[in-house]
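Make the full structure from the sequences, and use the hints.
These protein sequence lines are chains Y and A, in that order.
If you use this note's numbering, the first sequence closes out at 371, no skipped numbers anywhere.
If you use this note's numbering, the second sequence closes out at 1687, no skipped numbers anywhere.
Warning: the hint list may mix true and false statements.
[Unchecked claim] Now the in silico label distances, taken between C-beta atoms and shown as ranges:
no., chain 1, residue 1, chain 2, residue 2, range
1, Y, S132, A, G1383, 43 to 53 Å
2, A, T1516, Y, N68, 43 to 53 Å
3, A, T1516, Y, S343, 26 to 36 Å
[Claimed, not checked] Chain A residues, not near chain Y, derived (Cβ > 12 Å throughout):
no., residue
4, G1383
5, G1403
6, T1448
7, T1451
8, T1552
9, R1556
10, T1602
11, T1604
12, P1658
Don't read these hints as lab results, they were simulated from the structure.
Model, not experiment: these values are computed from the prediction.
Every residue gets a Cβ at the ideal spot worked out from N, C-alpha and C, and that includes glycine.
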Amino acid sequence: MTTSAPDRSAPSAPTGASSPEPGRGRAGGASRVGSAVLRAVLTQRVVLLVVLLAVVVGVFWNLSARNYLSAPYDAGYMALALINLPPLVMLGLAQLLVITSGRGGIDLSVGAIVSLTGMVFGLAHGRWGWSLVAAIALAVVFGALCGAFNGALVAYLGFPPLITTLATYYAFSSLAVVVTAQQPISTPPVQELYFLARAVPVVGEVALPLSILVFLVPTVLVVWLVTARTALGRRLYAIGTNDVAAEWSGIDVRRTRFLAFTGAGLISGLVAVVVTAQFASARPDAGTAGNGLALPAITIAVLGGVAITGGVGRVSGVVLAALLVVWLNAGILLAVPGNAGSQLQLLALGVVLVAAALLNGLSLRRYGGA
Amino acid sequence: MSVPSPARSRGREGASASSGRVLPFPVTGQELVLLGVIAALWLVLGLATPAFLTSGSLVPLLVSTAPIALVGLGVTVVIISGGIDVSVGSIVMVCAAVTATAMTAGDVPLVLALLLSVAVGGALGLVNGVLVAYGRVHAIIITFGTLNIFRYVGLQVFDGSTVDGIPATLAVFGRGEAGRTAGVPHSFLLVVILALAAWVALRHTAGGRHYYAIGGDAHAARLAGVAVRPRVLLAYVLTGLLTGLAACFVIAQGTSTLAPNVGLGLELSAIAAVVIGGTSITGGRGSVLGTVLGALLVQTVASGIIQLGWPSQLSSLFIGVFIIVAVGVDLLRQRGRSSS
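Encoded structure:
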């Protein structure tokens, strides 16, 4: 709720700020500063997200100081809440790759890939006695294969991404449930994985869950390097912006789009390991329970400034957006304890998604690209 | 506002010029193929499990097909216009919760309960419609968001428990003997009637043709004088109204208790029915009769798998495969048309 307030005020603000543009008087100077700030907030998604983060944390700190919350919302609690960060950021990055590739790119099947890969990982590590490293490698390869299946259909056969990944969502989640007849795998080797979710001290007092250091940070770095610093990344933005022009400039559009979906699957495979460690159990509905993991992932990508039309999106935006959602959700749980709190999280996620999408459209139309 | 590829619009022009007919043939090839597939499935299932081809098995099949087909009718119109609505499952939940609560707490008569459910559905559809038509954001994002928002509203109505003691007045839709005419449940009859009406409206009225025009090329449709935004808005309201009615079928289908997980994932079945029925997910082409057949196929698979004693979750796998096959067939047909 707090997050949507600045969004709402955005459409009305520009009319007053930008109209006296030709006038060079005192009012003109002030409004030029105002419109520059507004422009920065609307076009630089990172700026907006930092502002929103400050607002969310500030509001909850304030509530906490006045004893409105059921437990103190302090640095320790915020660090504890970060256990939910790795799956959200990583799946948000998976959506970043796919959505940025354009032509209606979207992946509804990420949650189902997490479920299915989690079961494969659980079988390998928990039942067949594979070593942890070998099982993680298997999970990554298996996730990439699932993503490659989507990618082959979409990129090489021309299937629409939305309906294709909806179909594979069905198929993968069904297989995940059937493979062990609905039984979760929680043998001792899988239970011991919980050490990945424990917090370890990093600098002085600050302790972070181990999975952030082992899985999240490397993934973020690799995705950032690939998208921002390699030719493959440039090609990804090129085909998302205009795939006809990209084709004519000699880019293998199909291969690039195929790799985007494969990358999303690979990341989802890694998320399966993280989620399995977090539950200390490989659950067949890990990525599909309730509304599944695809919705938060897409919400975070869109909130992070990834344009649903393709070609626009940055890693930093996705990371900040996930941080915002995690700390907002953590605060809601303290403000409204119990079942009502988790229901309110649903509402917040939906409102944030719609507001962020409307805002993306607005800033794109007003400034022609974010 | 997606920019349609030039190749596709050229292909459409060519097709209508070469055939020399404004309207396509009344029954599409996909519908005939579907009829064949359903007939073959029924035959195989009838041979494999003798109980399948009895009224004790077919009537529940038709009863469970009705709400999905009904929601599918609305979603068909939305998809033909180039959009999508994934929030229908949550709309079913809100409508069912409100209606069931009104029936148990307020002792509301049947007609009033129906009107209430349809009105609530229409109001939620209006929210979707306004945001999609005037927010200029793609429908998948908007309805993905409202999916959550509506679910929150529904959970508030349920208030953490189930709704118990729903009166049996809704049995008229097909659960008991009283709910059938000549062995066919009333809910399914109603769906067939509505589908025929929608089929005529989409094919033979200017308003119906506008949806195909918008889905084919929204920009061209606007230049040709189609009021694109009000039309799109209407499609989502229509979907909401039909989904409200479908919610009553869903209540009638169950026992006297309604649990908060009602409608969860129903949007997937509805979209699967639409796509399997031959409606192009990219918009501009499709038929509501195919959707009814698609819903029947989806439910036949679900019920067949249970009767064969296989794990019931396996039906999702088959539905996924069917969707991919249906989309593949549609793509082949599209390619054949644009090359000829």
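List of violated hint numbers, smallest to largest
Of the numbered hints given earlier, the structure breaks just one, which is hint 12.
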